[in-house]
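K.L.:
So the chains spell out like this:
Protein chains: 2
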Amino acid sequence: MSGTPRRESSDRRVRRTRRAIRQALVDLILTKGYEAVTVTDLINRADVGRSTFYAHFTDKEEVLFSSLDELSDLLRLDPASRSDRLLSFTLPMFEHLHEQRRLARALLGRRGGTAVVARGEQIMAAVVRDELLAALPEGNSPPASLDMAVICVTGAFMALLRKWADGELLATPAEMDAAFRAVVLPGLEAVLAEQRGRPM
Amino acid sequence: MSGTPRRESSDRRVRRTRRAIRQALVDLILTKGYEAVTVTDLINRADVGRSTFYAHFTDKEEVLFSSLDELSDLLRLDPASRSDRLLSFTLPMFEHLHEQRRLARALLGRRGGTAVVARGEQIMAAVVRDELLAALPEGNSPPASLDMAVICVTGAFMALLRKWADGELLATPAEMDAAFRAVVLPGLEAVLAEQRGRPM
DNA sequence: CCTTTTTCGGAACAGGTTGTTTAGTTATGA
DNA sequence: TCATAACTAAACAACCTGTTCCGAAAAAGG
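If you read the sequences in order, they're chains A and B.
If you read the first sequence in the numbering used here, its first letter stands for residue 1, the second for the next number, and so on.
If you read the second sequence in the numbering used here, its first letter stands for residue 201, the second for the next number, and so on.
Careful: at least some of the hints might be erroneous.
As the list claims (entries may be wrong) - In silico SDA-like cross-links for lysine to any residue, where the CA-CA straight-line distance does not exceed 20 Å:
no.: 1; chain 1: A; residue 1: K60; chain 2: B; residue 2: E235
no.: 2; chain 1: A; residue 1: K60; chain 2: B; residue 2: R310
no.: 3; chain 1: B; residue 1: K260; chain 2: A; residue 2: H56
no.: 4; chain 1: B; residue 1: K260; chain 2: A; residue 2: R110
no.: 5; chain 1: B; residue 1: K260; chain 2: A; residue 2: E35
no.: 6; chain 1: B; residue 1: K232; chain 2: A; residue 2: A115
What the hints assert, rightly or not - The calculated label-pair distances, taken between Cβ atoms and stated as ranges, are:
no.: 7; chain 1: B; residue 1: H296; chain 2: A; residue 2: D59; range: 29 to 37 Å
no.: 8; chain 1: B; residue 1: T252; chain 2: A; residue 2: A190; range: 54 to 62 Å
no.: 9; chain 1: A; residue 1: R50; chain 2: B; residue 2: K232; range: 22 to 30 Å
no.: 10; chain 1: A; residue 1: R50; chain 2: B; residue 2: R216; range: 43 to 51 Å
no.: 11; chain 1: A; residue 1: R196; chain 2: B; residue 2: L370; range: 23 to 31 Å
no.: 12; chain 1: B; residue 1: D269; chain 2: A; residue 2: G49; range: 31 to 39 Å
Calculated from the structure, these hints are not laboratory results.
Don't be surprised by glycine CBs; every beta carbon is placed ideally from N, CA and C.
Whole structure, please, built from the sequences with the hints as guidance.
P.N.:
Put into structure tokens, the structure is as follows:
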């Protein structure tokens, strides 16, 4: 599910080329937004032959993913904040996106495409699901209602992120986080409680 | 916000052309999914000259919107179910999408693009916002936390719709609705109660 | 050091898309 | 009936994608 296991090539030329292309994508995203970037843009910016590009990536999307996977680590770890609090990653996430406003906006906002959002949703759904499973007694086969809860939570979170990145919502990371938790947590805890109460 | 006020042309040729193009879009969406449909596809299917198309619409997106606006009415009215229950439109919505599975999947699923989802989100956000405002004492200037709540709710709802339409979620409309309400309503009511409690 | 292998670059290519413009034809409403 | 508005067909420039070819340059290895 997480694509090619990323392993550094031993050939310096290859490393240089791939790095140049990834960097070009980031630069261009900041300029025009992800959707508007073309392969031709990429090879010009990276100063790389057209044939060379297609020797390394099939798509501009593949370039994106190869860069985006690094970001997925950010959600998992931060073991300091690994409290018993549900969804402890949200505040750090809001804060991190606040620091990286420009990139976040270019990636998640109106001009930043489906691919990014879809990938982000995937990654986050996995994290949320693991957390909820951990909060339930073990043996239980995860009920369908859990999947739906995961989808609701990630959907709400991503929607907030998108609007916020877009500038349609003016608030501090702390305010964003508080609003999110206020809406989502009560219901989520109720669902969990009901699951614990009636193990099947 | 809702584009051009749609008013039927008096010229039969115009009505015929526009109808043919809209219908062609629906047909093609069912075949290849929205994203994959090109303007060239549309004019072939509708049997309409290229220049004619651009005389009526600027985009394939505009065609989509002009068709989609009809759907927006479906959310507003249904005065029968206009109960005091919060978000009373959700169950009818799930049910309607269940009847129109094929189209819903082609529009909302993986192969159906950003534009549809974004527009759907817009339309729904407006409905939700009105409902929440109605549930609050009048004079209050709507607080920012209300906007965030609206975004959370529509984000969660649309996410559910998407996954469901995609076939990743097997459930009846009633089950979908119940899961949605279980997660979202407790928090939503808490937020509303707090707003009522401390009018500013 | 010299040879072999791999990668790179540039350019050209076919195929597809968009949106505009031309000039000639046809349907409509008054 | 008839002027007008809407339609058609075709050609157009501009852009993008993905592939292919070959000579040049860099790495790897004996």
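K.L.:
Checking each numbered hint in turn, tell me which of them this model violates, lowest number first.
P.N.:
3, 12
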